[in-house]
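All chains should be built: construct the whole structure from the sequences, respecting the hints.
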Amino acid sequence: ALVQSPILTVSHKKFRRKQVAASELPQAHNDVFKRNTTNEANCLLCTTKSADFDANCSRCGCGCHRLDTCSVLLPGSDGEHTDKRMCNKCVGLFPSKGVFDLWAFENWGGRGVLNKKEKGYYGRACPELRPRLESNSLSVKLKLLRNGGDSNLQPRKLGGLKISLNNTCAVDSIIHLLMIAYCDSDGFREIADTSNSKILQLAVHLVKKGPNAEAYRLRAEALYENLSDACKPVAFGLMGIDCARTPEELLKKLGLPPSVRDHISCSSQYCPAQGRIQDVSYIAVGYDEIQGNVVNLQDTLDHNKVMDSSVCMQPFKETDGVPLTPDVAIQDQEISKNVLCSGINTHNPVSQDIVFLSVAGQHSLVHSKGTEQYVYECQIEECLSAVPATLIIFGKVFFLRGVIAFIPPGNLITRSSKSLGIGHYVAYGRRVGGQWFCLDDLRDTPKAVNANTKVKLDMLFYTKF
Numbered sequence: 100a101l102v103q104s105p106i107l108t109v110s111h112k113k114f115r116r117k118q119v120a121a122s123e124l125p126q127a128h129n130d131v132f133k134r135n136t137t138n139e140a141n142c143l144l145c146t147t148k149s150a151d152f153d154a155n156c157s158r159c160g161c162g163c164h165r166l167d168t169c170s171v172l173l174p175g176s177d178g179e180h181t182d183k184r185m186c187n188k189c190v191g192l193f194p195s196k197g198v199f200d201l202w203a204f205e206n207w208g209g210r211g212v213l214n215k216k217e218k219g220y221y222g223r224a225c226p227e228l229r230p231r232l233e234s235n236s237l238s239v240k241l242k243l244l245r246n247g248g249d250s251n252l253q254p255r256k257l258g259g260l261k262i263s264l265n266n267t268c269a270v271d272s273i274i275h276l277l278m279i280a281y282c283d284s285d286g287f288r289e290i291a292d293t294s295n296s297k298i299l300q301l302a303v304h305l306v307k308k309g310p311n312a313e314a315y316r317l318r319a320e321a322l323y324e325n326l327s328d329a330c331k332p333v334a335f336g337l338m339g340i341d342c343a344r345t346p347e348e349l350l351k352k353l354g355l356p357p358s359v360r361d362h363i364s365c366s367s368q369y370c371p372a373q374g375r376i377q378d379v380s381y382i383a384v385g386y387d388e389i390q391g392n393v394v395n396l397q398d399t400l401d402h403n404k405v406m407d408s409s410v411c412m413q414p415f416k417e418t419d420g421v422p423l424t425p426d427v428a429i430q431d432q433e434i435s436k437n438v439l440c441s442g443i444n445t446h447n448p449v450s451q452d453i454v455f456l457s458v459a460g461q462h463s464l465v466h467s468k469g470t471e472q473y474v475y476e477c478q479i480e481e482c483l484s485a486v487p488a489t490l491i492i493f494g495k496v497f498f499l500r501g502v503i504a505f506i507p508p509g510n511l512i513t514r515s516s517k518s519l520g521i522g523h524y525v526a527y528g529r530r531v532g533g534q535w536f537c538l539d540d541l542r543d544t545p546k547a548v549n550a551n552t553k554v555k556l557d558m559l560f561y562t563k564f
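To convert a position in the sequence shown, counted from 1, into the numbering used here, add 99.
Worth flagging that the hints you see were computed from the coordinates, not collected in a lab. Treat the hints with caution; some may be incorrect.
[Stated by the list, open to error] As a list, the in silico EDC-like pairs of lysine to aspartate or glutamate whose alpha-carbon atoms are at most 20 Å apart:
#1 K404 with E388
#2 K404 with D361
#3 K297 with D328
#4 K495 with D452
#5 K351 with D378
#6 K495 with D398
#7 K495 with D378
[Claimed, not checked] Derived CB-CB ranges, DEER-like:
#8 N265 with K404: 34 to 40 Å
#9 K553 with H362: 36 to 42 Å
#10 F564 with L172: 39 to 45 Å
#11 S294 with K331: 17 to 23 Å
#12 L252 with K331: 14 to 20 Å
#13 Y386 with A550: 33 to 39 Å
#14 S409 with N549: 24 to 30 Å
#15 D328 with S409: 24 to 30 Å
#16 N311 with D361: 24 to 30 Å
#17 A383 with G336: 36 to 42 Å
#18 G336 with F564: 42 to 48 Å
#19 D543 with L260: 42 to 48 Å
#20 H362 with N549: 38 to 44 Å
#21 P414 with K351: 32 to 38 Å
Beta carbons are placed, not taken as given, at the ideal position from N, Cα and C, and that holds for glycine.
Here you go:
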C-alpha cells in the first residue's frame with residue numbers, strides 16, 4: 100500500500116530579519132537552537148538528536164547543518180561560516196520555485212538583493228557597442244535663440260550703445276547647427292572650447308547655460324563687430340542691425356573657422372600672387388553640377404567639380420624692382436585693359452575640421468512696388484533622409500550635422516515676414532542615431548520631425564569627427 104506523506108504546514112511565526120550564524124555564538128547557546136524535526140529523516144546528524152547545529156535557516160530561523168541533506172546554500176554566499184542557507188523544509192514549501200526565486204523574497208537590509216541585469220534594448224543586438232556619446236549628448240535639453248525681431252526682446256547694451264537686431268533667422272540657423280555639433284562631436288567640442296570666435300563662444304554658451312540675457316548680449320556683440328556695414332542709427336543711442344542676409348554672405352563675415360584652405364598656383368610665371376593660400380568659408384556647389392539632386396554630391400566632390408581651374412584675375416604690381424606689364428604676362432586684350440593677370444589658376448583644396456556646403460539655387464531679379472530687388476530662390480527640394488549622412492570631402496570623411504532650409508515668402512502663411520516680401524531660414528539638426536529636429540528661431544525648443552520631411556535646401560553642415 101502506498102504511504103501518504105504528511106502534509107507540511109507553514110509556521111506563522113514572524114520571520115526575524117537579522118540572523119546570526121551559529122559559529123559566531125558561544126557553544127553554550129547552541130542548545131537553544133530550535134530543532135528542525137523535518138530534516139531528521141534525511142539528515143544523518145539530525146537523526147542522532149544532536150543540538151550542535153552549525154547554521155540556521157534564513158527563512159524560518161530553525162537550526163540546520165551545512166549538509167545538502169539538511170539545507171541548501173543560497174546564492175550570494177561565500178561558502179564559509181558566514182554563508183546563508185535554507186532548510187529543506189522551507190525549500191519543500193515551494194516545489195515549483197528554484198533557489199534563486201526563494202532567495203528573492205528576502206532583502207536583508209539591501210545586502211541580499213541580487214544585482215539586476217542591464218536592461219536590454221529592443222532592436223539592438225549588441226547594446227554595449229552603441230556610441231558612448233549617444234546617451235550623453237541626447238540628454239542635453241537644448242533651448243533656441245529667439246529671432247531678433249521678436250517684440251519681447253529688448254535692445255542689448257554694448258558700452259554706450261543699445262543694439263537692436265532684426266531678421267536674424269539666417270545667423271540663428273548657423274548658431275543652432277553649431278550647437279548640435281557641439282553636443283554630438285567630441286572633436287568639434289574641443290575646437291569650440293578653445294576658439295576665439297564670438298559665434299562659437301555663443302554656441303557653447305547656449306548649450307551650457309541656455310538663451311539667457313548674456314547669450315543675447317553675445318549675439319548682439321558678434322553681429323555688431325562683423326556686420327558693421329548693416330548698422331544704422333535708429334534713435335539717439337540706439338543702433339539697428341538688419342541681418343537679412345543669406346547664410347553664404349554671413350559665413351564670409353562671422354569669423355568662423357574656414358571650411359577649406361585652398362593652395363593656388365598660377366600658370367603665369369609673372370603672377371604677383373603666385374603660390375598663395377586662400378581660406379574659403381564654404382564650398383559652393385552649383386545646381387547644374389549636381390544635376391539638381393543632392394545624391395550626386397559625392398560624385399561631384401570626387402571629380403573636383405566645385406573648385407575647377409579658373410582665370411587668375413590678380414592685379415599686377417612691381418616686384419623686386421622689375422616692372423611687370425600686362426603684355427609680358429598675358430595675351431588676352433580684354434583683361435589687359437584692367438591690368439589683371441590672365442594666367443590659369445590650379446586649385447589644391449584641403450578640407451578643414453568643419454565644412455559648409457552651399458547647394459543654393461539662383462537669385463532672380465523681380466520688380467516689387469516700383470523697385471528692383473533680388474529674390475532668393477532655392478531650387479533643390481529634397482527629403483531630409485536624402486541628404487548624405489557621410490561625405491568624403493577632399494580625402495577626409497565628414498559626418499552630417501544638419502542643414503539650413505529656406506522657406507520662400509509664398510509659403511509663410513502665418514509668419515509676419517510675409518508682408519515684408521522676404522523668406523525665412525530654418526535649421527534642421529541631425530542628432531546621433533539619425534533623429535531630425537527642427538531648429539526654428541520662432542520657437543523656444545527643438546521639434547522632432549520626420550526624416551521624410553521635404554525642405555528647400557540651402558546649406559549643408561558637416562564635421563570631421
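Right, here's what the structure says about each hint:
1. K404 with E388: Holds, at about 7 Å.
2. K404 with D361: Holds - the C-alpha atoms of D361 and K404 are around 14 Å apart, at most 20 Å.
3. K297 with D328: 18 Å, holds
4. K495 with D452: OK: K495 and D452 at ~9 Å, within 20 Å.
5. K351 with D378: At roughly 10 Å apart (the allowed maximum being 20 Å), D378 and K351 satisfy the hint.
6. K495 with D398: 14 Å, holds
7. K495 with D378: Distance of about 17 Å is within 20 Å: holds.
8. N265 with K404: 34 to 40 Å: 38 Å, holds
9. K553 with H362: 36 to 42 Å: Distance hint for K553, H362 holds at roughly 39 Å.
10. F564 with L172: 39 to 45 Å: 52 Å, violated
11. S294 with K331: 17 to 23 Å: 30 Å, violated
12. L252 with K331: 14 to 20 Å: Distance hint for L252, K331 holds at roughly 18 Å.
13. Y386 with A550: 33 to 39 Å: Distance hint for Y386, A550 is violated at roughly 23 Å.
14. S409 with N549: 24 to 30 Å: 41 Å, violated
15. D328 with S409: 24 to 30 Å: Once the Cβ atoms are compared, 27 Å apart, the range 24 to 30 Å for S409 and D328 holds.
16. N311 with D361: 24 to 30 Å: 39 Å, violated
17. A383 with G336: 36 to 42 Å: 40 Å, holds
18. G336 with F564: 42 to 48 Å: Holds, at about 44 Å.
19. D543 with L260: 42 to 48 Å: Between D543 and L260, where Cβ atoms are some 28 Å apart, the hint is violated.
20. H362 with N549: 38 to 44 Å: 42 Å, holds
21. P414 with K351: 32 to 38 Å: Check failed, 21 Å falls outside 32 to 38 Å.
Of the numbered hints listed earlier, those contradicted by the structure are 10, 11, 13, 14, 16, 19 and 21.
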